[in-house]
Amino acid sequence: MLQSTNGRARTARAPGSDDSRGKHPTMKRTLARARSMPVIRNALRHAAAIALVTGAGVAGANAQETIKVGVLHSLSGTMAISETTLKDTVLMLVEEQNKRGGLLGKKLEAVVVDPASNWPLFAEKARELLEARKVAVVFGCWTSVSRKSVLPVFEELNGLLFYPVQYEGEESSKNVFYTGAAPNQQAIPAVDYLMSEEGGAVKRWVLAGTDYVYPRTTNKILENYLAAKGVAEADIMINYTPFGHSDWQTIVAEIKKFGSEGKKTAVVSTINGDANVPFYKELGNQGIAAQDIPVVAFSVGEEELSGIDTGPLVGHLAAWNYFMSVDSQENASFIEAWHAFIKDEKRVSNDPMEAHYIGFNMWVKAVEKAGTTDVDAVRSAMYGVSVPNLTGGIATMFTNHHLSKPVLIGEIQADGQFDVVWETPGTVIGDAWTDYLPESSQILADWMPPVSCGNFNVKTAQCSGQNY
Amino acid sequence: MNHIIRHRHRRWLVRGLLGCVLALVGPILGATETRADFEAALAGLDARDFADKLRAIAEVARSGDPRSETVLAAMLDGRLAVTRAGGRLVVLPAEHGDAVDVRSGAPVPGLGARQTSRVRINNRLRGVLRDAIASLRLASPDRVVRLDAARALVGGVDASSLGTLRDALEAEGDAEVRGVLEVALAMAEARSDDVDTRLAAVRAMAGSLRPEVRGLLREMGDEERESDPRVRSAARDALDAIEAEVALYGHLSSLYFGVSLGSVLLLAAVGLAITFGVMGVINMAHGEMVMLGAYTTYVVQTLLPDALEISLLVALPLAFLVAGLVGVLMERGIIRHLYGRPLETLLATFGVSLVLQQTVRTVFSPLNRSVSTPQWMSGALEINPVLAFTYNRLYIIAFSIMVLLALVVLLRRTRFGLEMRAVTQNRAMASAMGIRTSRVDAMTFGLGCGIAGLAGVALSQLTNVGPNMGQAYIVDSFMVVVFGGVGNLLGTFVGAMTLGIVSKLLEPATGTVLAKILVLVSIIVFIQRRPRGLFALSGRAAEA
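Those protein sequence lines, which keep their order, are chains A and B.
The first sequence begins at 1 in our numbering and counts up one residue at a time.
The second sequence begins at 1001 in our numbering and counts up one residue at a time.
Calculated from the structure, these hints are not laboratory results.
For glycine and all other residues, C-beta sits at the position ideal for the given N, C-alpha and C.
There could be a bad hint or two in this list.
What the simulated footprint calls covered on chain A by chain B, stretch by stretch (three residues with Cβ under 8 Å from a Cβ of chain B suffice, anywhere in the stretch; the number is not a length) [said to hold, decoys possible]:
1) 250-259
2) 278-286
Label-pair distances were calculated between CB atoms; the ranges are [unchecked claim]:
3) B/ALA1509 - A/THR84: 54 to 60 Å
4) A/LYS343 - B/PRO1531: 42 to 48 Å
5) B/GLU1219 - A/GLY392: 42 to 48 Å
6) A/SER328 - B/SER1104: 32 to 38 Å
7) A/ASP415 - B/ALA1058: 37 to 43 Å
8) A/ALA228 - B/LEU1199: 37 to 43 Å
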């Protein structure tokens, strides 16, 4: 039940619970497969159907040596809805880089595998990419549970993973660069905006979410944050609903009642994927207009809105680091390239796509700087690398493996796009360990000496020892 | 088609000309100053900063220029734009036609989205715009417009607009509008320095169910905010009376939510009451029949984009036919070979459900499809500010009951119903009487599936239309049928309504997740004590 059709299922597995590596039966199978791999590939070297047989979209395998870029996104199963788009994004970025002459004088070659929305299969496919296919870097994963599943593999084989989705934080691995938003780059600024005069000076808060780890972690952070800002407990209403909840009458009526106590009220929604459509429909029908009780959502982007009639939702909000409607030169050319690549003028672009765009360009720059694709050299070169983002600013990679990002608040428009109504004055640096949970406020991530630790306790001055 | 567009053009042209005339006549009538104010304020509407826009809106509203209402309304609708070349302020057309220059009132042909940039607003501006437009519209000759305007003004009146409001109240002849205006005025006067004025304001607000009034009265009952004890106690008394009334309406709306959830359950389950209840087939693909009905609605809306208002009526018979046909094919191809083997039927129909889901995923894409709601089903029937019945759910309640009644008539009053009952009660005897039992089986199964298709049309108005939507309803449907008593339509009805109302009454107290668990547990306990459900069949039928 922890995955969902539309997206951001996040599960925090207890750190280190995947530490049974090397002894598991599936592991042996993978190793056996890895050994037999060169044989199969030899046999097929001259066959034209190599891409079909290995299930991989291998770009022009000519005699020249190539740099391999792994793509680890689900192309089937429940997560295919969201992840297929990201696979296409990486393929497009690889194609464009090759048009510019490749990297270090070599062509890039995308190696696509399908982990089929199956968490253990993610680990197997990651091992295949790193050991058998010898990829230099991997772009992949969407749900937190899939990321947790591949972490031990990347750390054991010293691979490099770029993870493009906003997540609940509380993690910093040496082998992962997090190009999506941490909670302080999405949730906290959104609440700040609503508290401001311009956002309506909200005094009462409804935290509504789907009942699983990402909303619960985010809401816990927000609860502590609001308390620190002097919001009384009676002015916060927390509500959880099951996955795919479809009857929102009572909850919307309660929100309406909660909002009629004379203080300005807003809803912070971490409601997941499919449940959003009936939720927004009920809001519209019960006549809750955005200027009365605005709803700010963290999981609703352009792709999710493409399945909803947005007429009654105009004015409700979403917080992201990128919107398709942003007016910048980079964004215009990105969208143009995307439409040309996907051959569909109606396709939208969204925040995780921008994260891959940034991550890919950073990796390219770091490889050029290091002069090699060796993981350790590239990792050191990554720190401080700056590339343009799609909103007209600059993204810089920090030593906690998180990015600096602008935070944008967008209002839903009748055409299914967002209008940016507010943005942070500059960029915000991603904080791996939130300051608003007592247990993680003293933890620091810094992969540069002298700390060189993703989980460093400032009080005891000790690295917890776990790898992430 | 062509002449319609031309007609619209002409209409815009007329409006444009009218605007020209107004613009020309305006200054002659001696409003030169107004005009200058208005035009100066216009420039501020496109300011970069929202605070500057806010000031500009207030100035435009104050200017008294006849064009101000149009401009502000266009701004609220997101139709106010600035041309990229020349920076002229224009009002974009709602549908077809030309944009209109705000200053001159002249139409500006050939302006597309690329040549203009929309004036952006946010929620705070929306609120201010709504209030500004409302106070401009208080002078409208149309009673409904005035009533809406008065309603929008409640809670939004400040010292500057107090005068306008008093004048409007003086001139107002309609009792209902007067009532709303009095409350709006009282809310503004409740902040007065004079104790008697405040006391009078509290009395004027008593009995109003508007949420803004409750917030204000709560404030006035508070010792820290209100110094005078008489005002405090009057405010508290008024608030208590209002809260009691609100609580009563709260129970009423909970009941309505329950009936509405019950009607959805009933729609989803009534088809299953035929296939499972009457025929005894455990049809795991029942949810996918619902899905097929919903996708039929989507296809109808895609094929007839101009007929949104009647699309659901077109979709109903089609959905019944599509789902019914698939049902008949299923029965003929698979289920008839498996009668008397419930486990195999369960597995086979589960396989069918997976095949149907994947087919839909391949044909329509795995993303949810957007099904629009016709105008007559959107919004709510507002009884008072705390009690409103949403139209889509009202229609679905009525529809589910109609389906149930039609089914009862079919079973009791037609030859097909008679044959159906005969076959399910005693197959051998019915066969001996000359009834073609295999044909009746196929038709019965098709009927059950067709009704599920009808449910899909209704559900497309409430929830996602996607490949997985059927799965959400299959468990609930079985629960209703088993709880109500297998083979009994009255049981299905009572079962669905009981489950709906009980879960909606529990929800406010326990939360959604716990309410669901409690309902499931009590059904398990109930089935333990009465294995045959609420309305168990008795006599010979029970043994069949």
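Hints and how they fare:
Counting residues of the region 250-259 of chain A whose CB falls under 8 Å from any CB of chain B gives 6; the rule of at least 3 is met. For the region 278-286 of chain A, the stated coverage by chain B holds: 6 residues have a C-beta nearer than 8 Å to a C-beta of that chain, and at least 3 were required. Checking the proposed 54 to 60 Å range against B/ALA1509 and A/THR84 shows it is violated: the Cβ atoms sit about 43 Å from each other. A/LYS343 and B/PRO1531 have their C-beta atoms about 59 Å apart, which leaves the hinted 42 to 48 Å range violated.
Between B/GLU1219 and A/GLY392 the beta carbons are some 45 Å apart, a value that agrees with the proposed interval 42 to 48 Å. Checked against the given bound of 32 to 38 Å, the beta carbons of A/SER328 and B/SER1104, roughly 34 Å apart, stay inside it. For the pair A/ASP415 and B/ALA1058, the beta carbons lie near 29 Å from each other, so the given range of 37 to 43 Å is not met. Between A/ALA228 and B/LEU1199 the CB atoms are about 41 Å apart, so this pair conforms to the stated range of 37 to 43 Å.
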